[in-house]
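J.: All chains, full assembly: derive it from the sequences and hints.
First to last, the protein sequences are chains A and B. Quick note on full-length UniProt numbering: the first sequence kicks off at 1 and runs consecutively. Quick note on full-length UniProt numbering: the second sequence kicks off at 1 and runs consecutively.
It is possible that part of the hints are untrue.
As the list claims (entries may be wrong) - Okay, the calculated bits of chain B under chain A, using three or more residues with CB under 8 Å as the criterion:
1. 101 to 115
2. 190 to 204
Claimed, not checked - Computed list of chain B residues with no C-beta within reach of chain A, every gap over 12 Å:
3. S13
4. L18
5. E145
6. L147
The set of hints was computed from the structure by calculation and includes no laboratory data. Backbone N, C-alpha and C fix where the C-beta goes; we use that ideal spot for every residue, glycine too.
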Amino acid sequence: MPPVIEVRDLHKRYDDKIAVDDVSLTVQEGEIFGILGPNGAGKTTTVECVEGLRTPDRGEIKVLGLDPLRDRAELTRRLGVQLQAGHLPERLQVAEALELYSSFYPEPADWRGLLDGLGLADKAKTRYAKLSGGQKQRLSIALALVGSPRVAILDELTTGLDPQARRDTWDLIEGVRSRGVTIVLVTHFMEEAERLCDRLALIDAGRVVMVDTPAGLTERACAGQRIQFRPSRPMDDRLLTSLPDVSGVTRRGELVIVNGNDNALNAVTTVLARNQIVAHQLRVEQASLEDAFVRLTGKRPDPR
Amino acid sequence: MPMSASKTAERGSATWRLIKAESTLCVRDKVGPLWGIGFPLILLVILGSVSDLRTPVEGGGGLTYFDLYVPVLVLFNLAILATASLPTTLAGYRENGVLRRMRTTPVGPARVLAAQLVANFAIAVVAMVLFLGVAGFGFGVGLPEHLPGFALAWLLAAAALLAIGLLITALAPGRGPATAIGTVLFFPMMFFAGLWVPISQMPPLLRDIAHYTPLGAGMGAFQDAYQGHFPSVVPLLTLAAYAVVCASVAIRWFRWE
Ligand SMILES: Nc1ncnc2c1ncn2[C@@H]1O[C@H](COP(=O)(O)OP(=O)(O)OP(=O)(O)O)[C@@H](O)[C@H]1O
Ligand SMILES: [Mg+2]
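T.: This is the structure in structure tokens:
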């Protein structure tokens with residue numbers, strides 16, 4: 001089956017700033033494909049090229065076999081888009097916006113259902129300018145889905161949403177996916193990426209660093225485990241650093257902090273037992289996608 | 001129903017809904033209805049009650065001062081729509097990403113622009129009919145004697161002014177500058193329409209300039225129609241030239257984002 005989205009050797013610069021250096025991606029039918037990366041990495045620029053909003057300097061893009069620039073009319077009918085920054089007329093009411101947008105598409109979704117699903121039912125008569133940031137965000141998700149698209153590209157899906165609204169939105173997106181819609185998700189939330197995405201692309205400084213499943217990405221970042229404990233008697237760090245599964249040992253006060261791969265815990269507890277050291281306050285943390293992100297890009301994910 | 005027919009129906013309904021939405025927004029925006037209709041209407045009623053204005057204008061071809069104010073206020077309405085309502089709204093749409101968002105839909109931003117033009121045009125029609133009606137029934141001012149000539153002149157004036165509005169939108173970098181340019185243009189344009197001094201009373205140089213300004217030309221054509229002849233060629237051509245030139249430059253320079 002041909003991929004739903006195919007991006008090859010994409011390059012885009014603004015004046016003197018190279019936003020996308022060299023990005024290649026394929027997104028398969030029915031999957032949720034996540035795009036992660038630090039601020040300014042070129043995520044929005046990449047998806048806007050795919051949407052046909054920007055003209056790439058180089059490279060080839062196909063969405064459902066269509067060229068985003070040449071086949072605009074056909075593409076816009078089948079592609080739902082949530083822009084990172086996109087607005088509506090200030091005085092347009094929520095229900096008016098949804099009704100209007102649903103009239104643009106050949107086979108629109110039930111916009112009242114979307115209104116309920118996104119918790120906007122009581123805001124139907126509110127003007128756009130009077131919505132809170134999170135409510136605007138929800139409306140923008142609704143507008144991206146109102147045309148019953150085959151493919152949806154959602155830039156910063158849940159930025160600005162409260163935790164409950166975020167979970168509701170995840171449910172909504174899973175429902176949309178279960179109907180076979182292919183989804184591209186730009187996100188800064190590791191939890192969101194882990195929960196929703198089948199595959200992730202990590203983009204940094206305009207290049208794809210890695211494409212993998214969330215679990216695979218974490219594993220390939222070799223972030224492994226972090227073990228923390230208070231030894232029952234003074235001990236030499238070399239006991240642990242000599243272990244092949246341990247990559248580093250640091251101390252914080254009485255605490256010993258050990259970094260290592262997935263076997264590190266086993267190795268550490270064996271050595272401690274052999275030396276009759278008891279590990280008090282033992283804590284083990286499995287490295288998360290967030291650790292992988294930091295490791296692979298050298299940056300913290302945006303805390304928004 | 002055959003597929004193509006149902007699709008055409010959908011298309012039609014999208015355009016129609018867009019026009020409806022933009023008209024609603026124009027009314028909610030209040031600039032058009034308030035300054036474009038309400039204010040000149042009040043002015044009309046006040047001026048109609050001033051008996052001094054019922055004396056014929058020297059060189060006005062038998063029309064009184066008040067008679068001349070009726071077409072002046074019709075032009076006032078067009079000028080408000082073209083310099084305040086249309087460019088502020090459209091430049092605001094561009095600044096806020098409304099047009100950009102529309103680019104991702106099958107309808108596209110050009111139809112938003114068209115719907116805005118239609119909405120403003122509709123407000124202008126309502127205003128024109130209302131002003132002529134109030135002047136006629138309330139103050140006994142006859143309709144323009146050459147009605148088709150008046151209609152043609154009005155259509156050309158509306159086209160010229162909406163094109164000017166588009167040009168302001170195209171050239172202004174944002175909503176603020178669009179409003180500023182509109183305001184700066186409004187007063188000289190209204191001066192040359194004869195809002196403060198009837199054109200026939202202006203010094204010769206100003207009078208000559210007036211004939212080639214959009215509202216001065218519009219006024220010339222309206223006056224011809226009021227006096228019972230088909231408007232002369234020069235003002236009609238002047239209006240048409242403004243419409244064509246401003247619209248082409250606007251289309252050439254228009255940015256959607
Ligand atoms: N219209 C523009 N003109 C000039 N430079 C731009 C423009 N848009 C983006 N850039 C620059 O291109 C780079 C990539 O921007 P982009 O918006 O694609 O990043 P992003 O990965 O989406 O970031 P974020 O996580 O903050 O949304 C940034 O350095 C940005 O400053
Ligand atoms: Mg972005």
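J.: Hint by hint, say whether it matches the structure.
T.: The hints, checked one at a time:
1. 101 to 115: holds (count 7)
2. 190 to 204: Check failed, 0 qualifying residues.
3. S13: At about 6 Å from chain A, S13/B fails to clear the 12 Å cut-off, so the statement is violated.
4. L18: 7 Å, violated
5. E145: 42 Å, holds
6. L147: Its Cβ never comes within 12 Å of chain A, the nearest being 37 Å, so this holds.
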